[in-house]
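Participant: Start from the sequences and build out the full structure, keeping to the hints where you can.
2 protein chains.
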Amino acid sequence: MDSSNRRRFVKNVGGIAIGAVAGSGVTRLLSSDEAPLAIPALPWPYVDLDPIAVAERAYLGYSNGGCMYGAFEGIIGELRTKLGAPFDTFPTTMMKYGGGGVAGWGSLCGALNGVAAAIYLLKDSKTGNDLISEIFNWYGVEKLPNYRPKTPKFEIATTISESQLCHVSVTKWANHTGFKTGSPERAERCAWLTASVAKYTTELLNKQLAGTYQRAHQTPAKVTLCLQCHGPSGTVANVHITGGQSNCTSCHHRHWAGGVEF
Amino acid sequence: MDSSNRRRFVKNVGGIAIGAVAGSGVTRLLSSDEAPLAIPALPWPYVDLDPIAVAERAYLGYSNGGCMYGAFEGIIGELRTKLGAPFDTFPTTMMKYGGGGVAGWGSLCGALNGVAAAIYLLKDSKTGNDLISEIFNWYGVEKLPNYRPKTPKFEIATTISESQLCHVSVTKWANHTGFKTGSPERAERCAWLTASVAKYTTELLNKQLAGTYQRAHQTPAKVTLCLQCHGPSGTVANVHITGGQSNCTSCHHRHWAGGVEF
Chain U
-7 MDSSNRRRFV KNVGGIAIGA VAGSGVTRLL SSDEAPLAIP ALPWPYVDLD
43 PIAVAERAYL GYSNGGCMYG AFEGIIGELR TKLGAPFDTF PTTMMKYGGG
93 GVAGWGSLCG ALNGVAAAIY LLKDSKTGND LISEIFNWYG VEKLPNYRPK
143 TPKFEIATTI SESQLCHVSV TKWANHTGFK TGSPERAERC AWLTASVAKY
193 TTELLNKQLA GTYQRAHQTP AKVTLCLQCH GPSGTVANVH ITGGQSNCTS
243 CHHRHWAGGV EF
Chain H
-7 MDSSNRRRFV KNVGGIAIGA VAGSGVTRLL SSDEAPLAIP ALPWPYVDLD
43 PIAVAERAYL GYSNGGCMYG AFEGIIGELR TKLGAPFDTF PTTMMKYGGG
93 GVAGWGSLCG ALNGVAAAIY LLKDSKTGND LISEIFNWYG VEKLPNYRPK
143 TPKFEIATTI SESQLCHVSV TKWANHTGFK TGSPERAERC AWLTASVAKY
193 TTELLNKQLA GTYQRAHQTP AKVTLCLQCH GPSGTVANVH ITGGQSNCTS
243 CHHRHWAGGV EF
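So the protein sequences, as listed, match chains U and H.
Using my numbering, the first residue of the first sequence is number -7, and each one after it goes up by one.
Using my numbering, the first residue of the second sequence is number -7, and each one after it goes up by one.
Among these hints, one or two may not hold up.
Which copy? The list can't say, so a pair holds if one copy fits it or any two copies do.
As the list claims (entries may be wrong) - Cut-off 30 Å, straight-line C-alpha distance, at most; resulting in silico cross-link-like pairs (DSBU-like, lysine-lysine):
| id | residue 1 | residue 2 |
| --- | --- | --- |
| 1 | K172 | K145 |
| 2 | K118 | K145 |
| 3 | K214 | K164 |
| 4 | K172 | K135 |
| 5 | K199 | K172 |
| 6 | K199 | K214 |
| 7 | K135 | K164 |
| 8 | K118 | K172 |
| 9 | K172 | K142 |
| 10 | K74 | K214 |
| 11 | K142 | K214 |
| 12 | K142 | K199 |
| 13 | K135 | K145 |
| 14 | K74 | K164 |
| 15 | K74 | K199 |
In short, the hints are calculated from the structure, not lab data.
Facilitator: This is the structure in structure tokens:
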């Protein structure tokens, strides 16, 4: 295939195979050999999904690649099945990196990392950030996991994490149930949690598609109180949190704010 | 274009435009209309990159899309410039989601989230997890940012975060320097940090390509001591951290372990 043929073929990729689905056109870049190549413009299309199908796919995905992969693949995999391109061009398995709070580091819950990544494929940043904040706030106050898979390995107790971090979320559950973090019950809990987060995200995406979405969970007042001084526009302004938070006193014990000791 | 033509065209995508670069072949899926579609198999190819070029691209990327996007685009953008496909098929701007610890939530540092995502495009999970742990440990003990861009907006002081979290990392710097988190100096600090993390990651990837990579940063002994009991295989086993951690006592004050009060 000479270069002029390759260029013609590549134009076909943008015009027909990918652009036709993305609808809103494609972004063109010059590759190293100067042939124009096509990336479907973001956001990619969303169609109404069955939250149960997403949850089951996320639950299965957890077994195949952990929490971040499971949550991402739950949503994006369902869109791939329904729409094909452009979702079939995405190397979904890369999302395994977020397992256990990224490579087992216990930082951000991988289910949250996964749905946040998926949301930014489907929404502009303003809409995406609002959805992410709704989900993160919900995660902090909800008794989770709240989705029971159709064929579970165990029954799983629920806890409220008051945090979006893997380490805090898992430790609260382990302390409550007595199960060790290396146990199959803990893994099953995280599989249910992955399904729960993917399901809630899908419900919100469906509502937004239908025009019925409303923000249901806000940053708790006790956090807003702290951020009045410590947030970016406060007098102290030493905390770089603009999206939200569930509980400052998980780490900051015996702290005074507004004349009140927490 | 009828379906048989489309099928033939799509085969060309796998065989020539993408498969020829990926080298190791492509993964074939069935889309909703049953035409075979091609995703380049992971890991994608890595070639030696100039760490300074990556750092400058990451620094610029921070201005265009925040810390996670900047770090990811620093590495993947350089590979796209050098190799074209398959990197030109990736919707890089989705990585904006991780800015400010994901939508401004202050969780995982977006620069770390970005390089971790990039690494999983380029490495298998075992190799990737080792690289991520090396980078995360380095981030916890290094005076950062340690890369000064060629045309900086301000000069930036360094701090040691002892944490991989955006909130902790920024607050330590803000407390040290007195700059507010909403200030342009704080944004510049995070732009330098994004460049620093992308640069260090590239240096490691280059060493690994050359066969000279060696793990330089391990989990600190004071953390290993805590995890002896609290880690997944300990007697308490209520902490789900398998990758590492920099400092437990940032949050867990006045805690006893092994007869020592921290």
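Participant: Does each hint fit the structure? Answer for all of them.
Facilitator: Outcome of the hint check:
1. K172 x K145: Within. Shortest intra-copy distance 16 Å satisfies the 30 Å Cα cut-off; inter-copy 49 Å does not.
2. K118 x K145: For K118 and K145, only the inter-copy Cα distance (27 Å) is at most 30 Å; the intra-copy one is 39 Å.
3. K214 x K164: This pair counts as both: shortest intra-copy Cα distance 20 Å, inter-copy 22 Å.
4. K172 x K135: Close inside one copy (20 Å), not across copies (36 Å); limit 30 Å.
5. K199 x K172: Neither. Shortest intra-copy (38 Å) and inter-copy (38 Å) distances fail the 30 Å Cα cut-off.
6. K199 x K214: Within one copy only: 29 Å inside a chain, 48 Å across chains, cut-off 30 Å.
7. K135 x K164: within (11 Å within a copy, 33 Å between copies)
8. K118 x K172: Between copies, since 24 Å is at most 30 Å while 40 Å is not.
9. K172 x K142: within (24 Å within a copy, 50 Å between copies)
10. K74 x K214: neither (43 Å within a copy, 50 Å between copies)
11. K142 x K214: Answer is neither: 38 Å inside a copy and 43 Å across each miss the 30 Å cutoff.
12. K142 x K199: Classified as within; 24 Å inside a copy, 47 Å across copies.
13. K135 x K145: within (20 Å within a copy, 46 Å between copies)
14. K74 x K164: Close neither inside one copy (38 Å) nor across copies (47 Å); limit 30 Å.
15. K74 x K199: within (18 Å within a copy, 42 Å between copies)
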